[in-house]
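Protein chains in written order, with numbering that gives the first Met the number 0: chain A, 0 to 422; chain B, 0 to 118.
FYI, nobody ran anything at the bench for these hints, they're computed from the structure. Just so you know, even glycine gets a beta-carbon here, dropped at the ideal spot from N, CA and C. Among the hints, erroneous ones may be present.
To be verified - Below, in silico cross-link-like pairs of lysine to aspartate or glutamate (EDC-like), each with a Cα-Cα straight-line distance of 20 Å or less:
# : chain 1 : residue 1 : chain 2 : residue 2
1 : A       : 206       : A       : 231
2 : A       : 407       : B       : 86
3 : A       : 213       : A       : 174
4 : A       : 407       : B       : 54
5 : A       : 151       : A       : 136
6 : A       : 213       : A       : 241
Claimed, not checked - Stretch-level coverage of chain A by chain B, calculated; a stretch enters the list once three of its residues show a Cβ under 8 Å from a Cβ in chain B:
#  : segment
7  : 49-62
8  : 135-147
9  : 339-345
10 : 388-400
11 : 413-420
Stated by the list, open to error - Restraint-style ranges between C-beta atoms, simulated for each label pair:
#  : chain 1 : residue 1 : chain 2 : residue 2 : range
12 : A       : 123       : B       : 67        : 48 to 54 Å
13 : A       : 253       : B       : 73        : 51 to 57 Å
14 : A       : 56        : B       : 65        : 29 to 35 Å
15 : B       : 74        : A       : 177       : 48 to 54 Å
16 : B       : 112       : A       : 56        : 26 to 32 Å
17 : A       : 294       : B       : 65        : 44 to 50 Å
18 : A       : 236       : B       : 74        : 30 to 36 Å
19 : A       : 400       : B       : 74        : 18 to 24 Å
20 : B       : 52        : A       : 113       : 41 to 47 Å
21 : B       : 65        : A       : 161       : 45 to 51 Å
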Amino acid sequence: MTASPTRRQVLAAAAGAAASALPCPLLAEGAAPRVVVIGGGFAGATMARFLKRADRRLDVTLVEPNPVYAACPFSNEVIAGLRDMDAQLFSYGRIAAEGVAVVHQAATAVDGRARSVTLGDGAKLACDRLVVAPGVDLRFDALPGYDEAAAKRMPHAWKAGEQTLLLRRQLEAMDDGGTVVVALPALPYRCPPSSYERASLIAHFLKTRKPRSKLIVLDAKDTFSMQRLFQDAWKEFYPNLEWAPVSSGGNPTGVDAAAMTVSSDFDTYKAAVANIIPPQRAGRIADLAGVADRTGWCPVDPVTFESRLMPGIHVLGDAAIAGAVPKSAFAANAVAKVCASAVVRLLRGEPPAAPKFVNTCYSLAAPDYGFSIAGVYQPVNGQWLEVEGAGGVSPADAPPWFRSLEAKLAHGWFNTVTAEVFG
Amino acid sequence: MSDRAKAAAPRVAAFLAVALIRAGAMPAQAADALSEAPPGAASCSGCHPAHPGVDTPLTPLAGFYGSDIVMAMQVFRDGRRPATVMDRIARGFSDEEIEAIQAWYMAQRVIIDAPPRAK
Chain A
0 MTASPTRRQV
10 LAAAAGAAAS
20 ALPCPLLAEG
30 AAPRVVVIGG
40 GFAGATMARF
50 LKRADRRLDV
60 TLVEPNPVYA
70 ACPFSNEVIA
80 GLRDMDAQLF
90 SYGRIAAEGV
100 AVVHQAATAV
110 DGRARSVTLG
120 DGAKLACDRL
130 VVAPGVDLRF
140 DALPGYDEAA
150 AKRMPHAWKA
160 GEQTLLLRRQ
170 LEAMDDGGTV
180 VVALPALPYR
190 CPPSSYERAS
200 LIAHFLKTRK
210 PRSKLIVLDA
220 KDTFSMQRLF
230 QDAWKEFYPN
240 LEWAPVSSGG
250 NPTGVDAAAM
260 TVSSDFDTYK
270 AAVANIIPPQ
280 RAGRIADLAG
290 VADRTGWCPV
300 DPVTFESRLM
310 PGIHVLGDAA
320 IAGAVPKSAF
330 AANAVAKVCA
340 SAVVRLLRGE
350 PPAAPKFVNT
360 CYSLAAPDYG
370 FSIAGVYQPV
380 NGQWLEVEGA
390 GGVSPADAPP
400 WFRSLEAKLA
410 HGWFNTVTAE
420 VFG
Chain B
0 MSDRAKAAAP
10 RVAAFLAVAL
20 IRAGAMPAQA
30 ADALSEAPPG
40 AASCSGCHPA
50 HPGVDTPLTP
60 LAGFYGSDIV
70 MAMQVFRDGR
80 RPATVMDRIA
90 RGFSDEEIEA
100 IQAWYMAQRV
110 IIDAPPRAK
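This is chain A alone, in the form it adopts within the complex (with noise of 0.2 Å):
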């Protein structure tokens, strides 16, 4: 029986607000509870927004550094050449003017039990609930060779923005009859998908705009997500693609970016493009605020996303670890709402409802094709599960219009969700 432990669990966590928050319940007082968000991706831009939407008397800060941001789903078809990079980019105008008091400035310092935050410019915000959405930190310590400064000779592109347009640069400017590398961590990272995505885009370029060349994809795994579904298309589209698993001796274990090679745990490649995605990390936020376990991931409260390291901070988006739950951008979107309805029922001094989301996935593997993987989930026991018997992949079989009709679903919910959260 399911329900028992996650109304014990409810109860607790009630029991915990109660505990550890500042008069309680702040709201039924007539206070207006104050909540800062330290990060505006897809979970806190939505955390802020849907927060200060469910009740207007909140006092909700959005914390974030850029002006500009600079969304990764769709990076893909921009290194391809296929997008603008406009197309990626959201300013917080919009949230701002829904009343989010939005500051542009790191957030340098979190003081988790005292809940205050240090920005760059030594301001202070405190606060009754704090949420961090870090986002992920590519480590440069995982990888031999491959650091900050090799990053710019062999970019890594898994965050929207310089890095996207330096590999489309160096991709149209190689010459044709190279091989470009393709260099893809174990998991946990973010959205293992889009890695898959990226290598079915890139081989359509090289296919399109340079066809002697060719794509060398080595993998620090054996499976992925959606597996058949991506080889059935490289096998029908991209000859020029090979995939080199772990088993096949594909397994990245250095880069030398001067020479611009790529090493293997069989072989050494030279490449004329890399493109190396290095293990990840929670951001470092999630180490300032206490929040990040030995793993450099965020633990978390599966109804509520509250930390277990750290009660009264919850953690959202790509830095949590939470069971099956995927890092991914719909993903985020999807908890962030979620967490929002139960942070305002915790400062109510009521129980968080019983939480339950979709997460649906679009990956291309080519400008008119694409398929999806889709989840149900909600708590069990603790942890967050699928529900059996839904959820699942794109049909294996399926004809071209359908594939057609997911690439045209995956650009409408990139539309509308960054609509619900920037719009």
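We have chain A; now place chain B onto it with these hints.
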């Protein structure tokens, strides 16, 4: 003129009316709707925009009526209606959950009871 065509014009008008309600000040009873959202309800707007005007092939939430959601979720779940992804999603929800989601959207007047009758 078919019933469908007759229904189209008022449906568009109602659709715009709902859109205008949503675009303006939120009605008081909707102010804290999020905290009352039944399980899964807040996920719909990831793909189905709350407002019209977003470039997507999908129906905005404000384009559904009354029992549309329950009916659609049931036929997707049972495989009676072809789908790209909604069959996979609908299988994760019980009748009770689907009805609660529909009721929540109706309570906020995001979804209205039925299309206005054609005169």
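Do the hints match the structure? See the list:
no.	hint	result
1	A/206 / A/231	holds (17 Å)
2	A/407 / B/86	holds (18 Å)
3	A/213 / A/174	holds (11 Å)
4	A/407 / B/54	holds (10 Å)
5	A/151 / A/136	holds (16 Å)
6	A/213 / A/241	holds (8 Å)
7	49-62	holds (count 5)
8	135-147	violated (count 0)
9	339-345	holds (count 4)
10	388-400	holds (count 5)
11	413-420	holds (count 5)
12	A/123 / B/67: 48 to 54 Å	holds (50 Å)
13	A/253 / B/73: 51 to 57 Å	holds (54 Å)
14	A/56 / B/65: 29 to 35 Å	holds (33 Å)
15	B/74 / A/177: 48 to 54 Å	holds (52 Å)
16	B/112 / A/56: 26 to 32 Å	holds (31 Å)
17	A/294 / B/65: 44 to 50 Å	holds (48 Å)
18	A/236 / B/74: 30 to 36 Å	holds (34 Å)
19	A/400 / B/74: 18 to 24 Å	holds (21 Å)
20	B/52 / A/113: 41 to 47 Å	holds (44 Å)
21	B/65 / A/161: 45 to 51 Å	holds (50 Å)
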